[in-house]
Amino acid sequence: MKKIPQLFLLLSLAVFMLSCAGSPKMLSIKDSERSFAAGTILDTRSRSPVSFDALVKDLATVQVVYVGESHTDAAHHRIQLQILEALDRPDRPLSVGMEMFDTTYDSVLSRWSAGDLEPKAFIQMTHWYVNWGYDFALYREILEAVQRRNLPLFGLNIPFHIPPKIAAGGMDSLLWPDNTFLPDEVDLTDPRHRAYLEKIYALHRMPENSSFEFFYEAQCVWEDAMAQAVAAHLQARPMLVLVGKGHIVGKFGIPDRAFRRTREPFLTVMLVRAGETVDWGDADYVWVTQP
Numbered sequence: 000m001k002k003i004p005q006l007f008l009l010l011s012l013a014v015f016m017l018s019c020a021g022s023p024k025m026l027s028i029k030d031s032e033r034s035f036a037a038g039t040i041l042d043t044r045s046r047s048p049v050s051f052d053a054l055v056k057d058l059a060t061v062q063v064v065y066v067g068e069s070h071t072d073a074a075h076h077r078i079q080l081q082i083l084e085a086l087d088r089p090d091r092p093l094s095v096g097m098e099m100f101d102t103t104y105d106s107v108l109s110r111w112s113a114g115d116l117e118p119k120a121f122i123q124m125t126h127w128y129v130n131w132g133y134d135f136a137l138y139r140e141i142l143e144a145v146q147r148r149n150l151p152l153f154g155l156n157i158p159f160h161i162p163p164k165i166a167a168g169g170m171d172s173l174l175w176p177d178n179t180f181l182p183d184e185v186d187l188t189d190p191r192h193r194a195y196l197e198k199i200y201a202l203h204r205m206p207e208n209s210s211f212e213f214f215y216e217a218q219c220v221w222e223d224a225m226a227q228a229v230a231a232h233l234q235a236r237p238m239l240v241l242v243g244k245g246h247i248v249g250k251f252g253i254p255d256r257a258f259r260r261t262r263e264p265f266l267t268v269m270l271v272r273a274g275e276t277v278d279w280g281d282a283d284y285v286w287v288t289q290p
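Residue 290 is where the sequence shown ends in numbering that gives the first Met the number 0, and the numbering goes up by one at each step.
Heads up, some of the hints might be wrong.
[Claimed, not checked] In silico DSS-like pairs for lysine-lysine, Cα to Cα no more than 30 Å straight-line:
| # | residue 1 | residue 2 |
| --- | --- | --- |
| 1 | K24 | K56 |
| 2 | K29 | K198 |
| 3 | K198 | K24 |
| 4 | K56 | K29 |
| 5 | K164 | K198 |
[Said to hold, decoys possible] Here are the in silico distance ranges between beta carbons for each label pair:
| # | residue 1 | residue 2 | range |
| --- | --- | --- | --- |
| 6 | P176 | K24 | 23 to 33 Å |
| 7 | N208 | S22 | 39 to 49 Å |
| 8 | H203 | D177 | 39 to 49 Å |
| 9 | P290 | K164 | 29 to 39 Å |
| 10 | R191 | S47 | 39 to 49 Å |
I should point out that these hints are in silico values taken from the structure, not numbers from a laboratory. Just so you know, even glycine gets a beta-carbon here, dropped at the ideal spot from N, CA and C.
Using the sequences and the hints, build the whole thing.
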């Protein structure tokens, strides 16, 4: 019997492995047969891919740009940094608002932007690992760019211990001083927002005595508090807002609520991994990243 050449065996193995791996994952569009590969920047209004330069040109026309992330995805933070560096120009300098800090830390954030703090002190003074908890390295390059460019940096969040209290007992259960952090207006009437959160609520194993109504109050307080913080800090500079993508999906979270307060134009960019499914109405732009 003839021996099978080693090269043939290697080629056969490679073909087998490729066939097992299957096709690359693609971003799917709900109720559509279209799909898009990782690396695509999709303009959902024209329903067509665009270049990074075209994206930036459009983002530079509005006063607020929201970029929604998955918190633990390093690629998403690299894209946020790329957008920050492209939008911040000498003739149109940015400010930056971040979900990762609550509003009580703004004095510390100012010191960071001014270059008065080293990373270790900044982590300690913002109680990063108590409040946010994710690896600081994921955000380090963004924060270093903010400091290097001396950009105004603002916390958007409500103190982190408050939403769980509302979810457990409703807004009326808050005592002083927690109730002083409630936004001036809490909108509980958006049916799209409610439907979106009903789906999220159903996916989680909640305590037996939990209440969707209290959960929904907590989410609306959270969204309106961050929208109010955007409005409070939106002045001459355009603002880049970095938040979880769930807060901008459909625009009914932070973006629409901030717009009601400011009437300033905005655009949303949602970062989504290939293999996931989105709706055309989820954001103005969808940037497809590796799964």
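For each hint, the structure was consulted:
| no. | hint | result |
| --- | --- | --- |
| 1 | K24 / K56 | 29 Å, holds |
| 2 | K29 / K198 | 16 Å, holds |
| 3 | K198 / K24 | 24 Å, holds |
| 4 | K56 / K29 | 28 Å, holds |
| 5 | K164 / K198 | 21 Å, holds |
| 6 | P176 / K24: 23 to 33 Å | 47 Å, violated |
| 7 | N208 / S22: 39 to 49 Å | 46 Å, holds |
| 8 | H203 / D177: 39 to 49 Å | 24 Å, violated |
| 9 | P290 / K164: 29 to 39 Å | 36 Å, holds |
| 10 | R191 / S47: 39 to 49 Å | 25 Å, violated |
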